[in-house]
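Trainee: One-letter residues, chain by chain:
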Amino acid sequence: MPAQLPYEYKYLRAKKKFPHVWCPGCGIGIVMGSIIRAVDALGWNKNDIVLVSGIGCTSRMPVYFDFNTLHTMHGRALAFATGVKLANPGLKVIAVMGDGDALAIGGNHIIHSARRNIEITSIIVNNYNYGMIEPGFDTCRLLDAAGAVFVARGTVYHVIELDGLIRQAMEKKGLSVVEVMSPCPTNYGRANRLGGAVEMMKGLRDGSVNAAQAAKLSPEELKGRIVRGVLADREAPEYTELYADLCRRAREKASEVDE
Amino acid sequence: MRVPWGETRLVQGNEAIALGALASGVNFFAGYPITPSTEVAEMLARSLPQGDGAFIQMEDEIASVSAVMGASLAGARAMTATSGPGFSLMQEGIGFGCMAEIPFVLVDVMRAGPSTGLPTQVAQGDVMQARWGTHGDHPAIVLCPASVRECFDLTVRAFNLSETFRTPVILLSDEVVGHMRERVTFPKCEEVAVIERPVPETPTEWYEHYHPTPSNVSPMATYGSGYRFHVTGLTHDRQGFPTRRRDEVDEKLARLKAKITRRLDELVEIRTHDVEKSSVVIFAYGSVYRSALAAQVQLAKKNKRVGVFRPVTLWPFPDMETKELLDDKDVVIVPELNQGQLIHEIERLTSDSVRVIPVQRVDGYELTPEEIVSAAMEVM
Amino acid sequence: MAQNAPQPEEATEEKESEHEEPRSYVHIFHEWCKGCGICVAFCPKKVLEMGRDQKAHVVHPELCIKCYMCARRCPDLAVTVTEELEKMREEGDST
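Protein chains in written order, with our numbering: chain C, 1 to 259; chain S, 1 to 380; chain R, 1 to 95.
In case anyone wonders, no lab produced these hints; they're calculated from the structure. We treat Cβ as the ideally placed atom computed from N, Cα and C, and that holds for glycine. Treat the hints with caution; some may be incorrect.
Far from chain C, some chain R residues (derived; all Cβ distances over 10 Å) [as the list claims (entries may be wrong)]:
{"#": "1", "residue": "LYS45"}
{"#": "2", "residue": "LYS46"}
{"#": "3", "residue": "GLU49"}
{"#": "4", "residue": "VAL59"}
{"#": "5", "residue": "GLU62"}
{"#": "6", "residue": "LYS66"}
Dumping the calculated DSSO-like pairs for lysine-lysine here, alpha-carbon to alpha-carbon at most 27 Å [stated by the list, open to error]:
{"#": "7", "chain 1": "R", "residue 1": "LYS66", "chain 2": "C", "residue 2": "LYS15"}
{"#": "8", "chain 1": "S", "residue 1": "LYS252", "chain 2": "C", "residue 2": "LYS17"}
{"#": "9", "chain 1": "C", "residue 1": "LYS46", "chain 2": "C", "residue 2": "LYS10"}
{"#": "10", "chain 1": "C", "residue 1": "LYS16", "chain 2": "C", "residue 2": "LYS46"}
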């Protein structure tokens, strides 16, 4: 068996019990593979990466990774991540959250993280479980408006595209968001009679369009469809850099006063 | 703003907390303004950038305590400051810090509650909350200053204890101590000990983030140092991985408790004045201690001898000292700016023969020496 | 799909009949496979099938075009495509 291990395995914690905790067909594991491939492509050092999560199925991810990992309280991943990043801006901070963790209880923190544009890669795995009963909002539009410099949406079906989006998000200086639509065959799928994992994956395949295609569709045609791709990508000052500049100016001023 | 080492200054209580933090090497503050604690944040907002430390105003208190813990895990000496309503919001975070064994200092400058209460006025209503505010069985270290100089000293001690015991430490002040001004002669730099968390020496592959040791405190690595460990609020094993195995759960929770209960001699601090020879003792803490000392003087002028017993460490409560020193007294007077919180500990620890008399005030004003004197006169 | 676990003899038989020939690029780590069926359903060349043991198996290794989609879409990281590995070995271990 050792001869057959793919390179992904070197990013996993050998001491942790596998197979992982998620249900058969759950998309979270696909996101995990995507993150590994992005980190590998970027050549990041495991010691520099801090993977933070809140509470929920997606938030069970960090423990499986051989990085610095932090599994916090429901909704608070980005608040912890902000402390980590500001205390040591040299660390590469990635937050993985579910839709409830990021957008319900964590809604306030993700809005302010976007507002600050602090360099944290925020991956939201959206399986709709938290929004099941009520109408949702457009995550990407909201976070774009809040100030996130990179906003993208992918699905676990379109995994090659997802690999690219996550990599771009990680490279981006500033608060980057990737919303990943994912199947939950056990809860959302079963409750809404969407079939098993395979049916739900087909649903992602058939029910989504990329941004270029979406631009050609009318609002009626777009209704109920997932729009994939990079939805916002711009430059703006990053928080820890702004803060470092503030420190420099404060020190200069203080030394002036001394003199 | 720098620490005026060895100098004498007129200083505000909250300002002294900020200075104590700086003296202790604080390099991270995340908080949200709230009366009557805001001065701590304001002063550190100015000082930290000058010293290459990080200051951030987070969107709320929950985010503040979370950011503080994230920073501590990344190696910072981190703190936050708040009052009642913010303290309530931080409870879940405090529990996380206890479970995950993350050092940080949390300052609560108490104001009158409950709820929004009297934002600019004094009370001592958070004493029980400081011990049991967060759910589950958890240790608590809570220090209570009664003077401006102690705001400085106990902040230094709070940081040292948090790093030594790998746990959050609460500095429980009150609006009077926080806002009063006193003349303080600061210690010299070399007189202030700064204790850092124990660092691991094991090879990285063998590192256990929660390794049992004789002191019950495991050396603590930092994110980015080469040790890659997992931190979670789920009950976990020595590696930090979630577990439901009964032996592992028991080991973790027992060690969390023993961290404190087996080292009381290092934690518990009291002050006593003339307790041994008095049959009537006033038990007071925080700003009320100052009134108690004044009451003692007034009573002496009336030829009435009383002792004063003050816990500096509110939690762990000085059980042994209370029992030893107060169990043979006729009367223990307990003035508190609440409807009776620490009084229950005294009642628990003293036999029925000791008469425990409450003197309580919750209208937002300081307990005066005269009120304490009058309670004493009734029994003497 | 059969609900019962296969008897030991049947399992060996199945394994032998579909044992990956040296030329099969796809390998499935059956300890981690949870039988979700995603790799089987979306393989463009129908290389894979669900076995009676509720796990994915390579049945037509010769049809594989090394698109890697099975490996990428496996939620359990239970599928590997070997050419990838050979390339990595050539380039040297970059750990």
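Trainee: Look at each hint and say if it fits the structure.
Mentor: Each hint tested on the structure:
no., hint, verdict
1, LYS45, "holds, 17 Å"
2, LYS46, "holds, 14 Å"
3, GLU49, "holds, 13 Å"
4, VAL59, "holds, 18 Å"
5, GLU62, "holds, 19 Å"
6, LYS66, "holds, 13 Å"
7, R/LYS66 with C/LYS15, "violated, 31 Å"
8, S/LYS252 with C/LYS17, "holds, 20 Å"
9, C/LYS46 with C/LYS10, "holds, 10 Å"
10, C/LYS16 with C/LYS46, "holds, 16 Å"
The structure shown violates just one earlier hint, number 7.
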